[in-house]
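K.L.:
Here is what each chain is made of, one letter per residue.
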Amino acid sequence: AQTVTQSQPEMSVQEAETVTLSCTYDTSESDYYLFWYKQPPSRQMILVIRQEAYKQQNATENRFSVNFQKAAKSFSLKISDSQLGDAAMYFCAYRSAYIYGQNFVFGPGTRLSVLP
Amino acid sequence: NAGVMQNPRHLVRRRGQEARLRCSPMKGHSHVYWYRQLPEEGLKFMVYLQKENIIDESGMPKERFSAEFPKEGPSILRIQQVVRGDSAAYFCASSPVQGTGANVLTFGAGSRLTVL
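Keeping their order, the protein sequence lines are chains A and B. My numbering numbers the first residue of the first sequence as 1 and each following residue consecutively. My numbering numbers the first residue of the second sequence as 1 and each following residue consecutively.
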């Protein structure tokens with residue numbers, strides 16, 4: 001079974017600075033999808049960014065970008081020009097591209113604080 | 001587009017009572033997932049359903065918990081004879097069958113169950 005690990009329970013960043021959140025995963029598959037979701041205090045889960053494993057190019061969404069290292073099974077999230085609204089729990093998630101009905105596996109989360 | 005609708009947002013039950021949580025997927029989505037989030041923890045997969053069909057219930061406790069997604073109406077997560085350990089936030093998510101969004105989960109705002 002696949003597992004997702006986020007080794008940083010908490011992180012903090014100064015407003016306007018850059019922060020990187022770590023995520024590693026364990027799988028024997030070659031094709032899959034990786035995601036970062038954000039959960040602000042409202043508790044609504046919001047998709048931040050998505051990466052297909054077959055794509056070598058790292059995904060970017062405005063101030064959010066990933067560093068996808070397939071061989072190392074690493075999928076870190078970089079937040080540039082951090083804003084107060086970025087403060088939230090961030091969850092890394094994995095989904096198989098092969099198995100029909102495969103559920104999404106989430107990591108334990110990293111709580112990000114943004115300091116003014 | 002109303003998104004994924006969950007109700008109730010908050011539910012209080014006494015030990016031994018039944019809890020019913022409802023989820024209407026996003027328009028055009030026919031796959032529903034239920035996740036449980038304990039305080040300060042990540043999301044744990046419970047069950048994955050299509051209309052009138054349970055695809056994967058490997059995360060569901062063997063007793064007291066059941067889920068359905070009827071042909072008409074919302075998906076329902078039912079917890080019988082609730083205990084204090086059932087207190088958690090229960091999130092529903094949906095995805096379309098095909099298309100570029102097929103591997104992205106859209107979440108509802110969650111239902112918070114408190115067992116007294």
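The hints are simulated quantities; they were obtained by calculation from the structure and are not laboratory data. Glycine residues also receive a C-beta, built at the ideal position from the N, C-alpha and C atoms. Just to be clear, a hint being listed does not mean it is correct.
What the hints assert, rightly or not - Cut-off 30 Å, straight-line C-alpha distance, at most; resulting in silico cross-link-like pairs (DSS-like, lysine-lysine):
hint, chain 1, residue 1, chain 2, residue 2
1, A, K55, B, K71
2, B, K44, A, K73
3, A, K78, B, K44
To be verified - Stretch-level coverage of chain B by chain A, calculated; a stretch enters the list once three of its residues show a Cβ under 8 Å from a Cβ in chain A:
hint, segment
4, 29-43
5, 70-81
6, 103-111
Said to hold, decoys possible - Which chain B residues stay away from chain A? Per the calculated CB distances, all over 10 Å, these:
hint, residue
7, N7
8, R15
9, G16
10, D56
11, G59
12, T114
13, V115
K.L.:
For every hint, state whether the structure bears it out.
P.N.:
Taking the hints in turn, this is what the structure says about them:
no.: 1; hint: A:K55 <-> B:K71; result: violated (37 Å)
no.: 2; hint: B:K44 <-> A:K73; result: holds (21 Å)
no.: 3; hint: A:K78 <-> B:K44; result: holds (25 Å)
no.: 4; hint: 29-43; result: holds (count 5)
no.: 5; hint: 70-81; result: violated (count 0)
no.: 6; hint: 103-111; result: holds (count 7)
no.: 7; hint: N7; result: holds (15 Å)
no.: 8; hint: R15; result: holds (24 Å)
no.: 9; hint: G16; result: holds (27 Å)
no.: 10; hint: D56; result: violated (5 Å)
no.: 11; hint: G59; result: violated (7 Å)
no.: 12; hint: T114; result: holds (14 Å)
no.: 13; hint: V115; result: holds (18 Å)
The earlier numbered hints that this structure contradicts are 1, 5, 10, 11.
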